[in-house]
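Protein chains: 2
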Amino acid sequence: MSDSLLLENGALWAGPDYYWPKGVLEIRNGKVSFAGPAESYRGREGFVGPRLDAGGGLIMPGLVNAHCHAPMVLFRGLADDLPLAVWLNEHMFPAEARWVNEEMTELCGLLAAAEMLLSGTTCVGDAYFCAGGAARAFERAGLRAVVAQGVIDFPAPGAPDPGRGLEVARRFVEEWQERSPLIRPALFAHSVYTCSPEKLKGVAALARETGAPWFTHLSETRDEVAQVRQTYGATPARHLETLGLLSGLQAAAHGVWLDREELELLAARGVSLVHCPESNRKLASGLADVAGWLRAGLAVGLGTDGAASNNDLDMIAEVRSAALGDKLKNLDPASLPASQALDMAWEGSARALGLQGRVGRLLPGFAGDAVVLDLDQPHFTPFFDAASALVYAGRGSDVRHAVVAGRPAVRDRQVLGFDLPEVMARVKSLARQVMGHG
Amino acid sequence: MSDSLLLENGALWAGPDYYWPKGVLEIRNGKVSFAGPAESYRGREGFVGPRLDAGGGLIMPGLVNAHCHAPMVLFRGLADDLPLAVWLNEHMFPAEARWVNEEMTELCGLLAAAEMLLSGTTCVGDAYFCAGGAARAFERAGLRAVVAQGVIDFPAPGAPDPGRGLEVARRFVEEWQERSPLIRPALFAHSVYTCSPEKLKGVAALARETGAPWFTHLSETRDEVAQVRQTYGATPARHLETLGLLSGLQAAAHGVWLDREELELLAARGVSLVHCPESNRKLASGLADVAGWLRAGLAVGLGTDGAASNNDLDMIAEVRSAALGDKLKNLDPASLPASQALDMAWEGSARALGLQGRVGRLLPGFAGDAVVLDLDQPHFTPFFDAASALVYAGRGSDVRHAVVAGRPAVRDRQVLGFDLPEVMARVKSLARQVMGHG
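Protein chains in written order, with the working numbering: chain A, 1 to 438; chain B, 1 to 438.
Bound conformation, chain A alone (with noise of 0.2 Å):
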């Protein structure tokens, strides 16, 4: 079977508290069906498949990048530094009437898949225009999706009409519903100041029908804050509570200006929040108190956001700069410890996506999503500590291979499922255009 895969000659690392100095994995049908010591595996006789090296590197589970918008790879750099204002008015909101559609959601998600598995993402929750574009690119790189049609109030990419944008998104959940193993239809109203009370209670309606869940931004900046408080009364968060929409959110991104008694609310409903640190810098948002969101009793993913906001993809460094913001924060080092962080881009994002007991561990039953790093490097000697060594000192880079359902989608850093050379051809030849040199 294509979907089995035993891992051997590692450490496994098969969530915060399984570490085998020499352990083995084996994947069957897609799914864990051994983890543990190497000493007390019996299967390897019996097993049917191909075997993969760990070359005494580490067996970890993927990363979960829950928030991205994947094709956004196409304006990573090309308008950094800015005000918010500018930056969005003037740079990425023209930039996307112009250049997003389906052609490009999945050439620029291809790439995007293969920077996320290249730096240790298995499984990504997106949300952009032009959704089907990017669960086709996901699907062939064998990255674990679960992919959002996004829905606002301004003519978009694939809805010029807004009035119709819910039927578009009825369309792509429909389309992918049962379509693919690896996708997972979702929903993505962008905001509560760029959705109106009407387009939200849709949203949140055909999530209901469809089964789909749904995903928005949530009290990112300060002035989304004032402005919402004055066109609506509320805060974004008190907005939604009020409209009846908090219990149905899966999950919200950003959440830095959300206040204590918002965040009991957001626990209460069981929405999940999605921490996006690098993001909040580069833009200014904020530094949340994810220390506090924690001790609310909230689950926290983490994400990399666009990488137009960003501008890299890359998982580890988002987990460093979680538990390193949120020292600084608090003016205490001792808070969010690099296993808690690191659990949030396992555990924290699983359940942001509505995908915990399925992804972020290496447990039996659970899907044969596996990283395997090299450890032989000078930035992990000496190596005294798992989680110190990747979140304080690892780096993307550090991925030797990715697997996703038993599969490879990465080995010895080479990309399997597309021809990653000439996807970054038609990327480069495509921003030739963007900056009007093409």
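These are calculated hints, taken from the structure and not from any lab test.
It should be emphasised that the depicted structure is a prediction, and the values quoted were computed from it without experimental measurement.
One or more of the hints may lead you astray.
Because identical chains share one entry, a pair is satisfied inside a single copy or across any pair of copies.
Derived DMTMM-like pairs (lysine to aspartate or glutamate); straight-line CA-CA distance at most 20 Å [as the list claims (entries may be wrong)]:
1. LYS428 <-> ASP385
2. LYS428 <-> ASP376
3. LYS22 <-> GLU45
4. LYS428 <-> ASP374
5. LYS199 <-> GLU103
6. LYS199 <-> GLU241
7. LYS22 <-> GLU8
Fit chain B to the known structure of chain A by using the hints.
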């Protein structure tokens, strides 16, 4: 001549204002003799010396790490996520007392040098005890360095009698004064809270006498400022000024809690500051206002600090942390743009180490200290702007070659000066002893 080299077949970024998509860098006798567009280079026929093919990558000045304690790589990840006093008093100080000696600083200096060269650093300002070991290591690795012997009021490795610490320092400076073109000896008074006024005056006098620059840690934490104020009735910077020592101070590391008046005082006295953003976050020291430092007219360099508080020595990540941190500090996405942050690791660090006009640029007359980055990667695709790409998406592993004074120290990611795998094995063995398993 082995210190002449021709780098071609790449983009050449010789400094913030010098970028040629197809450039040539010619180094003769260790110094840049030509930097410019390939089509205007006329020296190819007459050039006698080896050539290095940049492979279509980016040739740029090596980064300058202006504050490091290189041998502390041995303690990388030994004790993380702990309150500062516990980390320092229960882990770092005892480990240093037990394990630091000339052999250790040489061995671990080699490992640190490899890590730095492999991540784009070609010059380091290092401060530690048993400085001779690190100096030998950097010389062997082919890494340019200002190596400072630490001076402190406690018994220290290599100087068990603090009363003779200045003698140890004098011996080190005299031994290295003329010994190697790559190594410049210096002095490091640990801090005003660990050095008496007499000790500080002794360091400053020795620096004046020998011409070696001296450095110190300054206003790193709020506690430090409070403690010094209580002991001496003045903040650390004002205490130094009262002692008449600010004028001769080359640079101070950290400076997180300096007030505006102190910044102006430092600027007036010609003291540079070295920003260490990742260490300041990991130890929860605070978030420095670097844009404010620059407005005050200060020269600002960048440093990683030691690997026990970072935990890597990757200057590209440090530049990103600086750029992102300042946006957060000022809640302004236009604060500390990528190019300005990067130049802190070129010109800023050069000034902090007293090497301005010698390193930080690849213009004629500057040292031939260059690195070549591999741009043919997903996270650099597309490539709209070099500063943005490097700062917001780059990582140390993008470095392919590193050249110091015209001699390759890293070629195709292989360290050339010594046997890195052997050094890593020896450090691992020593680390097992540190953990009590050796």
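Hint by hint, here is what the structure shows:
1. For the homomeric pair LYS428 and ASP385, the shortest alpha-carbon distance between copies (13 Å) is at most 20 Å, but the shortest distance inside one copy (40 Å) is not.
2. Within a single copy, LYS428 and ASP376 get their C-alpha atoms only as close as 33 Å, which misses the 20 Å cut-off; across copies the closest is 11 Å, which meets it.
3. Proximity of LYS22 to GLU45 under the C-alpha cut-off of 20 Å is restricted to the intra-copy arrangement: shortest distance 18 Å within a copy versus 57 Å between copies.
4. In this homomeric assembly, LYS428 and ASP374 come within 20 Å of each other (Cα to Cα) only across copies, at 16 Å, whereas the closest approach inside a single copy is 30 Å.
5. Taking CA atoms no more than 20 Å apart as the test, LYS199 paired with GLU103 passes in neither setting, with 27 Å inside one copy and 69 Å between copies.
6. Proximity of LYS199 to GLU241 under the C-alpha cut-off of 20 Å is restricted to the intra-copy arrangement: shortest distance 15 Å within a copy versus 64 Å between copies.
7. Taking the closest pair of Cα atoms, LYS22 and GLU8 come within 20 Å of each other only inside a single copy of the chain (8 Å); across copies the shortest separation is 45 Å, beyond that limit.
Comparing the model with each earlier hint shows a violation of hint 5 alone; every other hint is respected.
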